[in-house]
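Protein chains: 2
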Amino acid sequence: MTVIYKKVALIGLGLIAGSLAHAIRRAGLAEVISGYARSEETRDIAREIGLCDVVCDSAQDAVKDADLVILAVPVGAMAAVAKEIGPHLKAGATLSDVGSVKASVIKNVSPFVPENVHFIPAHPLAGTEHSGPRSGFAELFDHRWCILVPVENTDAAALANLCSFWEAVGSNVEVMDAQHHDLVLAVTSHAPHLIAYTMVGVADDLRRVTDKEVINFSAAGFRDFTRIAASDPTMWRDVFLNNKEATLEILGRFTEELFDLQRAIRSGDGDYLHDYFTRTRAIRRGIIEAGQDTDAPNFGRNLTKES
Amino acid sequence: MTVIYKKVALIGLGLIAGSLAHAIRRAGLAEVISGYARSEETRDIAREIGLCDVVCDSAQDAVKDADLVILAVPVGAMAAVAKEIGPHLKAGATLSDVGSVKASVIKNVSPFVPENVHFIPAHPLAGTEHSGPRSGFAELFDHRWCILVPVENTDAAALANLCSFWEAVGSNVEVMDAQHHDLVLAVTSHAPHLIAYTMVGVADDLRRVTDKEVINFSAAGFRDFTRIAASDPTMWRDVFLNNKEATLEILGRFTEELFDLQRAIRSGDGDYLHDYFTRTRAIRRGIIEAGQDTDAPNFGRNLTKES
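Residue numbers (the numbering used here), protein chains in the order written: chain A, 1 to 307; chain B, 1 to 307.
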């Protein structure tokens, strides 16, 4: 594999940056990977497990001479980091990010990007419910999509390099504008996460149904919600606060539809329910055919002892 | 393993009955397994794959001389089947079912149970998004809970035998009354399923977000919803129509809570969101410790090519 960027700097050393470090090494994409995390504990762990070639004690040290800098911090922390590193970015470098919201990141980060730096926002659609520097693995991006969201007048060569980079860590790449990205993600990720958090919260509140029952009898449906609702609280707080409009719009649509189905249940309209449930089954088939999920029953987890 | 019931009759030959047939054989729990399904196609497949020792062309033939009869049909079909087989049940036999709702099954089936037959409703909390006679497998019930819901004056020996039977196919067994069962399941299964169906339906409706985008970019959150929303439409229609009150009550609670979180997003109350998301994370931990789910990231499915 060809080295695309001699030095890559990862700012924030959680699940995504950690997985990137592993995937960059797997593909031999960089000569040096530097890293920085705000928390001293995270930096110590990263050093202990050799996550990067060098872990720096400041973001500005980490980005020094880097050809690619990736901001992998919660969306709400992007502006502060950009402000800190802006003056220290190398001329001609590419600055990117992995934030789950794009319009707000572009708005908040752009003012701090020097004219001689290529700012190309990105969002890899990959993750797990685990977080922190130990949670990364090289295969996280394999066959997943990475959406690049170039701003106005983006340099074509710089964009092509970043495309190659994401493909080389295993992703499929798509280019999209920020507004559209934020709406698509509100549907496929942000609204479902809020809904899962809500349902798990409701179960937690119900006093007649004890904790033990909710936990033991969670086999069908609920336990999948709990996986989603175990995602990183800081990351998700920032996603909702920064993709407010699209998320609230989709949740509004969701509530209308839910009320419609509730009415069908109340009035005993079995045909309506059956038709609805038949239609949703087809989408699943499409996702499996697109290689975005497994067809194994229960994701394959039912076949062995699980604990 | 000791034979508990010499002859077991399975009425309905879908995922649950099929898995039971495999699990009964794995444990050597019966000398003969008979089966019946309303659809001729299902009966033909069952014969072709040797699902039971004998597949009958009528329910009354299948239950003849059976020591245990298990109704494994959609909840809405239980009464008709019970009416048909009632006069043909062996004296002293146990009649059970696997319906996801218990109060309505008890109400609808009880009138057709002869006095000399032990009617002991049951609900194994196990399943996958697949259905039909080919979808069963022996391990489906391993480490999962089966809830027994005995009616008034249930014979203690008959109940003990049914407990032993479910334990022998791999389950943990719990005894509960019907009202409580239906409320617990509304929280852990019925409401989550309706919510997943709804969210997938919303995505399907959204014209600005094309099908291909919803499908390709479904990695985070949404694809787990699509798995749940791929469950059998007939089964789920009947669940909602037969557990109307508890499901609507929980959905009411859910909507209140959702509105609360929407308000927090709208007003930018990050602390509220962060606290909420931290609390829901703890429930996940409990489910994993109880052996009811895997701790592998993304249920382990991210680690290999998925298609």
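Think of the hints as simulated: they come from the structure by calculation, not from any bench. From a predicted model like this one, the values you see are computed outputs, not experimental measurements. The beta carbon of each residue, even a glycine, is placed where N, CA and C say it ideally should be. Wrong hints could be hidden among the right ones.
Example chain A residues on the side facing chain B (calculated, C-beta under 8 angstroms, incomplete) [stated by the list, open to error]:
(1) Ala-157
(2) Val-187
(3) Arg-223
(4) Leu-258
(5) Leu-273
(6) Ala-290
Per label pair, the in silico range of CB-to-CB distance [stated by the list, open to error]:
(7) B:Glu-289 <-> A:Lys-6: 44 to 52 angstroms
(8) B:Glu-48 <-> A:Arg-279: 37 to 45 angstroms
(9) B:Glu-167 <-> A:Ser-58: 57 to 65 angstroms
(10) B:Gly-50 <-> A:Asp-260: 38 to 46 angstroms
For each hint, the structure was consulted:
The beta carbon of Ala-157 (chain A) is not positioned within 8 angstroms of any beta carbon in chain B (closest approach about 26 angstroms), and the interface hint is therefore violated. Nearest Cβ of chain B to the Cβ of Val-187 (chain A): about 5 angstroms, under the 8 angstroms cut. The hint holds. Satisfaction of the interface hint for Arg-223 (chain A) is found here, the shortest Cβ-Cβ separation to chain B being roughly 5 angstroms, below the 8 angstroms cut-off. Using the Cβ-Cβ criterion of 8 angstroms, the hint placing Leu-258 (chain A) at the interface with chain B is satisfied: the shortest such distance is roughly 5 angstroms.
Taking 8 angstroms as the C-beta contact cut-off toward chain B, the hint placing Leu-273 (chain A) at the interface holds, the least distance being around 4 angstroms. The closest approach between the C-beta of Ala-290 (chain A) and any C-beta of chain B is roughly 5 angstroms, which is under the 8 angstroms cut-off, so the hint is satisfied. Here the CB-CB span from Glu-289 (chain B) to Lys-6 (chain A) is close to 46 angstroms, well matched to the stated 44 to 52 angstroms. A C-beta distance of roughly 30 angstroms is found between Glu-48 (chain B) and Arg-279 (chain A), which places it outside the suggested range of 37 to 45 angstroms.
For Glu-167 (chain B) paired with Ser-58 (chain A), a C-beta distance near 60 angstroms keeps the hint of 57 to 65 angstroms intact. Range check, Gly-50 (chain B) to Asp-260 (chain A): Cβ separation about 44 angstroms, and the 38 to 46 angstroms hint holds.
Hint check: violations occur at hints 1 and 8; the rest are consistent with the structure.
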